[in-house]
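Single-letter residue listing:
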Amino acid sequence: MSTLEVQVWRGGERGAFHRYDVPRQESQTVLDVVTYIQRRLEPSLAYRFACRVGMCGSCAMTVNGSARWTCRTHVNKVAQKGRLEIAPLRNLPLVRDLVCDMREFFDKWARARGQFAPTKTRRDAFAVVQPATPERREVDAAIECIGCAVCYSSCDVVAWNPNYLGPAALNRAWTLVNDARDGARGERLQAVAGDAGCHACHTHMSCTERCPKQLAPTASIAGLKRATVAAALKGKL
Amino acid sequence: VSAARRETLLWFAQRASAAVLALCIVVHLITIVYAVRGGLSAAEILGRTRGSGGWIAFYAVFVLAISVHVPIGLRAIAIEWLGWRGASRDWTVLAIAAALAVAGLRAAWAVFA
Numbered sequence: 001m002s003t004l005e006v007q008v009w010r011g012g013e014r015g016a017f018h019r020y021d022v023p024r025q026e027s028q029t030v031l032d033v034v035t036y037i038q039r040r041l042e043p044s045l046a047y048r049f050a051c052r053v054g055m056c057g058s059c060a061m062t063v064n065g066s067a068r069w070t071c072r073t074h075v076n077k078v079a080q081k082g083r084l085e086i087a088p089l090r091n092l093p094l095v096r097d098l099v100c101d102m103r104e105f106f107d108k109w110a111r112a113r114g115q116f117a118p119t120k121t122r123r124d125a126f127a128v129v130q131p132a133t134p135e136r137r138e139v140d141a142a143i144e145c146i147g148c149a150v151c152y153s154s155c156d157v158v159a160w161n162p163n164y165l166g167p168a169a170l171n172r173a174w175t176l177v178n179d180a181r182d183g184a185r186g187e188r189l190q191a192v193a194g195d196a197g198c199h200a201c202h203t204h205m206s207c208t209e210r211c212p213k214q215l216a217p218t219a220s221i222a223g224l225k226r227a228t229v230a231a232a233l234k235g236k237l
Numbered sequence: 238v239s240a241a242r243r244e245t246l247l248w249f250a251q252r253a254s255a256a257v258l259a260l261c262i263v264v265h266l267i268t269i270v271y272a273v274r275g276g277l278s279a280a281e282i283l284g285r286t287r288g289s290g291g292w293i294a295f296y297a298v299f300v301l302a303i304s305v306h307v308p309i310g311l312r313a314i315a316i317e318w319l320g321w322r323g324a325s326r327d328w329t330v331l332a333i334a335a336a337l338a339v340a341g342l343r344a345a346w347a348v349f350a
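First to last, the protein sequences are chains S and G. The first sequence: position 8 = 8 (the numbering used here), numbered continuously. The second sequence: position 65 = 302 (the numbering used here), numbered continuously.
Hints are computed from structural coordinates only; laboratory data are not their basis. The structure displayed is predicted, hence computed values, not measured ones. Take the hints with a grain of salt, since some may be wrong.
What the hints assert, rightly or not - A few chain S residues facing chain G, derived, Cβ under 8 angstroms:
| hint | residue |
| --- | --- |
| 1 | 160 |
| 2 | 195 |
| 3 | 203 |
| 4 | 204 |
| 5 | 222 |
| 6 | 228 |
| 7 | 229 |
| 8 | 232 |
| 9 | 234 |
| 10 | 237 |
Claimed, not checked - Sample of chain S residues facing chain G (criterion: CB under 10 angstroms; computed from the structure):
| hint | residue |
| --- | --- |
| 11 | 15 |
| 12 | 161 |
| 13 | 162 |
| 14 | 189 |
| 15 | 196 |
| 16 | 199 |
| 17 | 205 |
| 18 | 231 |
| 19 | 235 |
The beta carbon of each residue, even a glycine, is placed where N, CA and C say it ideally should be.
All chains, please: the whole structure from these sequences, using the hints.
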C-alpha cells in the first residue's frame, strides 16, 4: 500500500505546516485523509465537517493551493506526486489548525439583506410561482448554495477590500431580488450597491470556477449590477 | 444622494464611458497606423486636422470619455490598494479628471486651431 505525504497547517496565523504520512486507499477523499490524521496520528488536530456528502458546507479547506469541499474531493484528483498540502480557507480569520471563524462570512449575508421578507401572512393562500418565469429561472440557477465559503476564500476582491460582501452573500441577495414573494427589493438593492457590494466585483470569476456546486456567483453579481443601475436610473435607489 | 445611488451611477458612468472608449481607441489606433505607414508629415497631418469639425468633435468625445473613465477606476484602485476612501480621495480623483480633460482638450484644440 502506498503512502501519501500530507502537509497540514497547525496552529494559528503564525503556525506552520506539519508532515503526516497517511496510507493511500482507493476512493479516498481529502476529508478521509484529515480524519485519519486526527484519529490515528494527531488527536489535537482541529477541523470541521458534518454531513460528508456535500450538503452542509462545513468541510471546505485549501487543498494544494485551491479552496475545495474536502468531503467530495478525491485524493487522486488533487494529489501531486503523492503529496497533499491542506491549509485553512483564505480570507477568514483563523481559529486554529484547519478551522476558520465564519462569523464575518455569514454576517455579510445579513448585511446583503439575505433574509426573506414575506409579504403575506399564514392566513393567505400559498403563493403560486410558475417555474418557467424568467425570475424563477434566475433563482433556480443560484439557489443551491451550501454556504461553504469556497467562493469567498477564492475571491481576490475580498482579499483587497475586507468590507466587500463577497460572492456568496451577493448570490443570495440575487435569489431574493428575483423572488416574487419577497417585499424588500428596494432595501436589498440599496444594501448590495457600492464599493462593498456588487460594483466592487472585477469579474475575475474565481468564485464561479471554484464553486463546488457549479453555481455562477459572477452571473448573479452581474444581475445585481444591472438591477441596481436600472433602479438608480428610475430614481428608485 | 445616497451612497448606494452615487456608487451605482459612478459604476454605470464608467461602463458607459468604456463602451465609448472601445470605439474611440479603435479609430485612434487606425488613424495612427494610417498616418505612420502612409508617411504623412506633420504639415500634412495638420492640413487635415485644422478646421476639421469632425476631428475636433471626435477627439473631444474621446478626451471626455477618458476624463470620466480613468478617475472612477483610480477611485476603486485607491480603496483596494491603499484603503483610501472619503472626501480627500474624491477631490484627488476629481482633480485628476479635470487635469485629463484640460490637457486632452488643449491638445485637440492645438491641432484644430
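Hinted contact residue 189 of chain S with chain G - closest CB pair below 10 angstroms: holds (7 angstroms)
Hint status (Cβ of residue 162 of chain S to nearest Cβ of chain G, threshold 10 angstroms): holds (9 angstroms)
Restraint check, 8 angstroms cut-off on beta carbons, for residue 232 of chain S near chain G: holds (4 angstroms)
Interface hint compliance - residue 203 of chain S to chain G, C-beta minimum distance less than 8 angstroms: Given a least distance of 12 angstroms, the restraint on residue 203 of chain S is violated.
Agreement of hint residue 237 of chain S with chain G interface, Cβ distance less than 8 angstroms: holds (5 angstroms)
Restraint check, 8 angstroms cut-off on beta carbons, for residue 234 of chain S near chain G: It is violated, given that the least Cβ distance between residue 234 of chain S and chain G is near 11 angstroms, above 8 angstroms.
Residue 195 of chain S as chain G interface residue, shortest Cβ-Cβ below 8 angstroms: holds (6 angstroms)
Chain G contact restraint on residue 229 of chain S - CB to CB distance below 8 angstroms: holds (5 angstroms)
Interface hint outcome for residue 231 of chain S [beta carbon to chain G under 10 angstroms]: holds (8 angstroms)
Proposed interface contact between residue 204 of chain S and chain G, which counts if any beta carbon pair is under 8 angstroms: Check failed: Cβ of residue 204 of chain S comes no nearer than 12 angstroms to chain G, outside 8 angstroms.
Hint check: 10 angstroms Cβ-Cβ cutoff, residue 161 of chain S to chain G: holds (5 angstroms)
Hint check, residue 235 of chain S versus chain G [nearest Cβ-Cβ separation less than 10 angstroms]: The hint holds - residue 235 of chain S has a Cβ within 10 angstroms of chain G, the shortest such distance being about 9 angstroms.
Hint compliance for this structure: hints 3, 4, 5, 9, 11 and 17 are not met, and every other hint is.
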